[in-house]
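Trainee: Each protein sequence line maps, in turn, to chains A, B, C and D. Residues in the first sequence are numbered consecutively from 1, following the numbering used here. Residues in the second sequence are numbered consecutively from 507, following the numbering used here. Residues in the third sequence are numbered consecutively from 870, following the numbering used here. Residues in the fourth sequence are numbered consecutively from 1187, following the numbering used here.
Simulated from the structure, these hints should not be mistaken for lab results. Wrong hints could be hidden among the right ones.
DSS-like mimics (lysine-lysine), calculated; alpha carbons at most 27 Å apart, straight line [as the list claims (entries may be wrong)]:
1) Lys265/A / Lys1446/D
2) Lys626/B / Lys799/B
3) Lys1339/D / Lys322/A
4) Lys556/B / Lys574/B
Ranges of calculated distance between the beta carbons of each label pair, as one might list FRET restraints [stated by the list, open to error]:
5) Ala565/B / Leu1548/D: 53 to 61 Å
6) Pro1304/D / Lys1146/C: 24 to 32 Å
7) Ala565/B / Ile1316/D: 57 to 65 Å
8) Arg127/A / Tyr1038/C: 26 to 34 Å
9) Ile1312/D / Lys1146/C: 32 to 40 Å
10) Lys828/B / Pro1304/D: 57 to 65 Å
11) Ser23/A / Ser1227/D: 56 to 64 Å
12) Leu1548/D / Glu386/A: 33 to 41 Å
Some, not all, of what chain C presents toward chain A, calculated at C-beta under 8 Å [unchecked claim]:
13) His1039
14) Thr1040
15) Val1041
16) Leu1042
17) Glu1051
18) Ala1056
19) Leu1059
These numbers come from a predicted model, not from an experiment. Just so it is clear, CB atoms sit at the ideal spot from N, CA and C, and this is done for glycine as well.
Residues per chain, in single letters:
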Amino acid sequence: MEALSAKNIVKRFPNVLANDNVSLSIEKGEIFAIVGENGAGKSTLMKIIYGLYLPDSGEIYVNGEKANIKHSRDAINLKIGMVHQEFMLIPRFTVTENIVLGDEPRKFGFVFDYKQAVKEVEELSNRFALVVDPTEKVENLPVGIQQRVEILKILRRGAEILIFDEPTAVLTPEETEELFKTLRKLKEANKTIIFISHKLSEVMEIADRIAVMRRGRVQGIVKKTETNEKELAKMMVGRDVVLEIQKVKTELGEVVFKVEDLTVKNQRGVVALKDCIFDVRAGEIVAIAGVEGNGQAELVNAILGFLRPVKGTITINGNEMKFITPYDIRRKGLAYITEDRKRRGLILQYRARENIILGNHTLYPFSNKGILNDNAIDEYTTRKLEEFDIRPREAYMKAQNFSGGNQQKIILARELSSEHKFLLASQPTRGLDVGATEFVYKWLIEEKKKGIGILLISLELSEVMGLADRILVLYKGEIVGVTTPEETNEEELGLMMLGLKRKVAQ
Amino acid sequence: KPAAQQPAKIKIGLVTDVGGRGDRSFNDSALRGLETWAAKVEYVQGGGYKALSDEAFNASIPDDLKDKGITPLNVEPIVLESKAKEDYIPNIQALVEQEHCDLVIGVGFMLAGAIGESAKKYPDTKFMLIDSTPVDENGNTVDLPNVVSYLFAEQECGFLVGAIAGYATKTNKVGYIGGMAIPPVLRYEAGYRAGVKTTNPNATVIGQYTNSFVDASLGKSTAVSQMALGADVLFHAAGATGNGMFQAICEKGAPYWGIGVDVDMGLDPNLCPDRTLTSALKHVDYATYEAIKSVVDGTFKGGVITLTLKDGGVGYAPDHVKDVLTADQISKIESLKTMIINGTFTVPTDPNEVETWTPPTNF
Amino acid sequence: MNWTYLINESLKQMLDFAAPILFAALGGVISENSGVVNIALEGIMRFAAFFGVWGAFNSGNPWVGLLWGVLIGALLGAFHAYITVKWAGDQIVSGVAINVIATAMITYFLEWIFKTTGYSPTVAYFGSSKYLVNINFIENIPVLGAFAHLHILIWISLILVFVLHFILYHTVLGLRIRSVGEYPLAAETLGVDVLKVKWIAVILGSIIAALGGISLSLGTMSSFTNSMPSGKGFIGLAAMIFGKWTPIGAMLASFLFASAQVLQFLLQAIAKGIAAKIPVGFYLALPYILTIGALVGVVGKAVAPAADGVPYKKEES
Amino acid sequence: MKEVLYRIFVKRQEKYWWMNILVPVVSIFIALIVGAVFIASTGRNPFLAYKYLFGSSGLIPGPYFKSHFSEMLIASSMFIATGLAFAIPARAGLFSIGAEGQFIVGTITAAFFGYYKPLANLPTIIHLPIVLLMVIIAGGLWGLIAGYLKAKKGINETIVTIMLNWIAFHLIEGWLVTGPMKADVATGVSGTPYVSPTAKLPIILSGTRLNISILIMLFLVYAVWFLLYRTVFGYELRAMGYTAITNMEAPKIGGVNTEKRIMQIMFISGAIAALGGSFITLGVLFQYPPVFEGGYGFDGIAVALIGGNEPFGILLSGILIGALRTGATSVQLVKIPKTFPAIIEGLIVVFIALHELIRYLLVKAITKKKEGVSA
Ligand SMILES: Nc1ncnc2c1ncn2[C@@H]1O[C@H](COP(=O)(O)OP(=O)(O)OP(=O)(O)O)[C@@H](O)[C@H]1O
Ligand SMILES: Nc1ncnc2c1ncn2[C@@H]1O[C@H](COP(=O)(O)OP(=O)(O)OP(=O)(O)O)[C@@H](O)[C@H]1O
Ligand SMILES: [Mg+2]
Ligand SMILES: [Mg+2]
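Build out the structure end to end from the sequences listed, making use of the hints.
Mentor: Spelled out as structure tokens, the structure:
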């Protein structure tokens, strides 16, 4: 029996046709996966189903009946729930407040009965075995837990159709396994699940049927049993994709980056990084593995100068930096690829051309004595759009209108072209499609060949194992493992990441 | 232009200072001189004028001016208000060039510069300036044949109300609230302090400035704190800010007394008639009327005219004086008044002089 | 000197002086917690101050005036909401618009209705003995005595602080107001009617700000002066930020400022010797300098609601 | 300039970009209509009102055009100054309402160095620049206070600027003008002494008081435009504005010294406002009067917003507001209160605020015209 179907959905945004006559039909109780390039229109379609966007044309049917969904309210009433690509959580609110918002337990009709709410949340989390601390503020939670909150939110509303838009992008393998357990449980409870991911392995593991979207259209719908990752990838990108990373050996040069006894407190004054010692040498890729929220963020912020270390030193290209300020590390020869494109990587209202020179804008030829040289910038931008295959080739398009993958490419184009000896790559492929991911790997290896030292922070074990020369495992702010891909395997790394195993050389 | 309809009438232009119409102080006073007395008209809602009844006309003339023979002069008033100082010159320009006024009146010392510059520019137009002598664009006081300046001896009326306050206070503390420390206000303060010192040497004056002529709530707070500190008679020279003083006094009621300024505030139902001891009168209205009259009967003459107690240009209002002062004290006030008129002693014009100033005895 | 009297009078002064500022600040708190900046507080107070007096003038009853003030406040709030919520217009522009209109149009009305650009006739008001809230037996108790004869609006301002605190942090509406101020899209996805909540908060805030205008023209004073509210709306805005967008904080900020004012009056009045030689300007500037000092010293960085001032457009999520 | 026009007209991304020009124009017209309705509803003649308002605004030639025109430009130059003073920080995400205070700081500074004896007998070409330089420094430093507290202590610039306005006012009028800078009573002048002729802004239209202030502002408008769009400084400034809500992280990582920029921006803003203030002293009143009710600072906010925080937009809106103010004098001659033009000003801002609505209606009207051929 059909739970949900979309018929001829069309959605146009000022610059793109995001959904071009999309039709889908999803059976009750199945796990239906949607894959597709960045910008293919997956999220747009989901947002339309959830009532966040209104389609230009087309209909949605729920349980066979035509549904007119103008608000999320309507979707919720139709027992549709959605876990969004960007978490819809209010950091300053507690877990409970986030979960009950919109349908709060009340006293006298208007008073918010917080005690009752906490109780309900506890019951809920017990029932679905999703452990959370109801009274903790969300801003203090690691993403894994935050996602549980998201799931609890929709379960509480008794959702029958659950949409997960790239839920695993931010999860570690363990957390992903956790999530899948949950999904299977939900499936057993005969709930319908739409699952969006760029990780084909996951899709192959969890999905019953898989739809491939490309340029706003549905490329095809296949049974899992009748396909494989390579084929999917090809359907998505329209060409063969190299999914496994081929190693390259390079000569290691001098030390380009070094931290000694680095101890950092986070914004809330808690020690989040303890006595870290390691270095990165030219031509070397050092990967930091670990569950998110174990000090990676603080390490990055300390390197960038957003957090002042309480102890220890950071050295980039031999410049030891006592009081680093974000604006001068760049001049010390550091390049930075961030996972947080929208907040840290780009100025969304700026055009591609302005974003692509950010950080080098004070340099000749982009500016001379403080005066910008537009022609030089245009010429440079056009060149880089080609070189990094950024689509569309629109130097004057606002960054916010590029899709995730192309936004990331803009950042790569900028960072890799700037004068640097050391590259800090923090989850560089988060949320990227296979094509873009392959692209990023290609460039990281290029960098390595060029003799750039790279510090790679990643949650993807495959990525870590594939790219790294050395692997450091971070747990509770401490380096609990120092190893190499040759000496270890994913299981062992997993154990170390969970603090169940230590392995520190010398 | 509607102005063109009855060219026969003599046209009198008036530029208010930023206080504008309805400041219940000297802008209104000047307007009374022009609109109520000289033109015998009443400003109506939504702009424009309607004729004024004889009763209203007579009622508008205060007792101490009854003998001055104030009669309508059949002139046409044209009043321009000013939003800011920069408007003064354009306003005057409009009155002279567009309206061809015979006399242009500048109300208040703030127009000294504007009148000075304009009078030079339009030698054929007559000008009247209140509270100051004209100043040219380089800041030199100029005397021009086509400008008559009316100054007032505020210190004299200030002195008399001060003397009254000196007698009236039971706590030997009296209050003074100034708007901004500008010449006329300083003259009031000087006179007031001198007056208190004369009739009650061991009374202290709590003097404060609010730095505003418009913020009534500021005046109220000031008054309240002065009363809290024990002052029981309060005098203000702070324009609209002073309304706050009367507000405070009205709320406290007895034994507190307020003293009005410029006009007889004891007659203003909107203030606090019951607790208004007296008012320091400054007859801007009379000065305005006189100037207009001189134009109408062709006796206009440039120069500086200072109105004093002698010619009734300043004075004090009887209001509640009788209820508070003994007959003997009142006669003493009167004798002080005559002493000033006869020049037996002069009242200081600068507050700082008061300390060294020796008050008259034997009055 | 009668110290009890002095203390009580000064404290009373402080409360009276603080009331309009506090109302404005509280209005801002509600509005901005829902993510809508309202710099029209000044203009709203002006409108309310005038129409309050107008209402009292026609009816001879300040309560009628208060009703008019509240009504005009609600109207202006709806106006601000229509621009900034319905049409996601720029909140600063809308606020400035109201302020400019207020300055001009009220002067126009004053001239049109009362034939003056100075100030209105005196009308029945809450500060008059007839309408005062008298608690005679505490009259002569130090500190407490200050509360013996306050006008009703001061009491309202004080009570409102706690009412609003309760609403914001203990009611469903409050939770939703804060949620749309923090992350409207998140609230939307949970079925909260973001726009409706913003409408409510903005109008409520404007009504409260309007009470500030009333407390000025029918509480402290008994007539409308054209200079009203002479910047108190902006001081209220400052108090709101100073108080970190919370009702209690806004109250403390307003009290700090008002105390500094009263202190300034007293110092100026009792100044002797050299103190008397200090120019009045320094006394008058004192409260403002103290405020900055307090910010630097004690309060420090204030964090606005995450989505404060960001227009909410559904499609651009 | 060529490439700029190219950018505006050719490389535009948004559909109906020209709405950005049409919408304000339409808003202004609607405001005028509503204003007419309002004035009529209060029993006054709207046609007479507009006839006198614009007839004497200095915009349309007519009787006494020369003097109206000069008065209009004198006022405009001050509105443009305070408009820019608001817009520059606004573009960087800073909400400064300190122009009011910075303006009078400029007025008083100009007065002091204008009459300061040792300078008084220098020739204008030396004296005037010195005065203006001092004004820029004084105003800049006054603005810098808020900038410093924001940059170094993270203290909200809005509160600080509000407080600084009052501090400036009280210290100037409650101390300087009535104290150390008070003119000698003997001269019969109240307020500060008058500035020396050598400090006055040269007249550029004989028989009027029109002086070079408008030329200075024309230059400044271009300079600010250049600063915003053609320099590293402006590039960084706008980047800061776009990321203000995300705490300017992207620009910081992009090598922008935001703290320093904030201070520079507030300095510049203060300096420009002060310059506007000095025009009062050096071109209109020639002294700091005993009582001074500015208001230019707050009007500047309206001017900036009507001009869309764009330098050339502010030039136009500044002239418009200046014209309305100039017309205010004459409307009184036909019994229209002087506040009427200010009401129009307010209404214009209202409909600027409603541009989303107006844009929507216009787009609808147009798309209706060319049946769905809108691609
Ligand atoms: N609010 C918006 N305004 C304008 N364009 C948008 C908007 N949202 C999405 N787009 C565009 O629509 C297209 C589809 O976006 P969408 O987010 O659906 O892609 P996606 O398949 O979810 O990509 P990803 O895998 O990166 O999440 C993209 O080109 C994107 O730039
Ligand atoms: N390598 C460079 N080549 C050419 N111009 C540069 C270079 N570095 C900086 N500039 C220009 O010189 C000016 C000063 O350099 P810098 O980058 O230090 O600016 P800043 O110190 O942040 O601010 P300011 O320009 O006010 O000093 C900048 O405006 C910049 O445009
Ligand atoms: Mg997506
Ligand atoms: Mg530099």
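Trainee: Each of the hints needs a verdict: does it hold here or not?
Mentor: Hints and how they fare:
{"no.": "1", "hint": "Lys265/A / Lys1446/D", "in the structure": "holds, 26 Å"}
{"no.": "2", "hint": "Lys626/B / Lys799/B", "in the structure": "holds, 23 Å"}
{"no.": "3", "hint": "Lys1339/D / Lys322/A", "in the structure": "holds, 21 Å"}
{"no.": "4", "hint": "Lys556/B / Lys574/B", "in the structure": "holds, 25 Å"}
{"no.": "5", "hint": "Ala565/B / Leu1548/D: 53 to 61 Å", "in the structure": "holds, 60 Å"}
{"no.": "6", "hint": "Pro1304/D / Lys1146/C: 24 to 32 Å", "in the structure": "holds, 28 Å"}
{"no.": "7", "hint": "Ala565/B / Ile1316/D: 57 to 65 Å", "in the structure": "holds, 59 Å"}
{"no.": "8", "hint": "Arg127/A / Tyr1038/C: 26 to 34 Å", "in the structure": "holds, 29 Å"}
{"no.": "9", "hint": "Ile1312/D / Lys1146/C: 32 to 40 Å", "in the structure": "holds, 37 Å"}
{"no.": "10", "hint": "Lys828/B / Pro1304/D: 57 to 65 Å", "in the structure": "holds, 60 Å"}
{"no.": "11", "hint": "Ser23/A / Ser1227/D: 56 to 64 Å", "in the structure": "holds, 57 Å"}
{"no.": "12", "hint": "Leu1548/D / Glu386/A: 33 to 41 Å", "in the structure": "holds, 39 Å"}
{"no.": "13", "hint": "His1039", "in the structure": "holds, 6 Å"}
{"no.": "14", "hint": "Thr1040", "in the structure": "holds, 5 Å"}
{"no.": "15", "hint": "Val1041", "in the structure": "holds, 5 Å"}
{"no.": "16", "hint": "Leu1042", "in the structure": "holds, 7 Å"}
{"no.": "17", "hint": "Glu1051", "in the structure": "holds, 5 Å"}
{"no.": "18", "hint": "Ala1056", "in the structure": "holds, 6 Å"}
{"no.": "19", "hint": "Leu1059", "in the structure": "holds, 3 Å"}
Hint violations for this structure: none, all hints satisfied.
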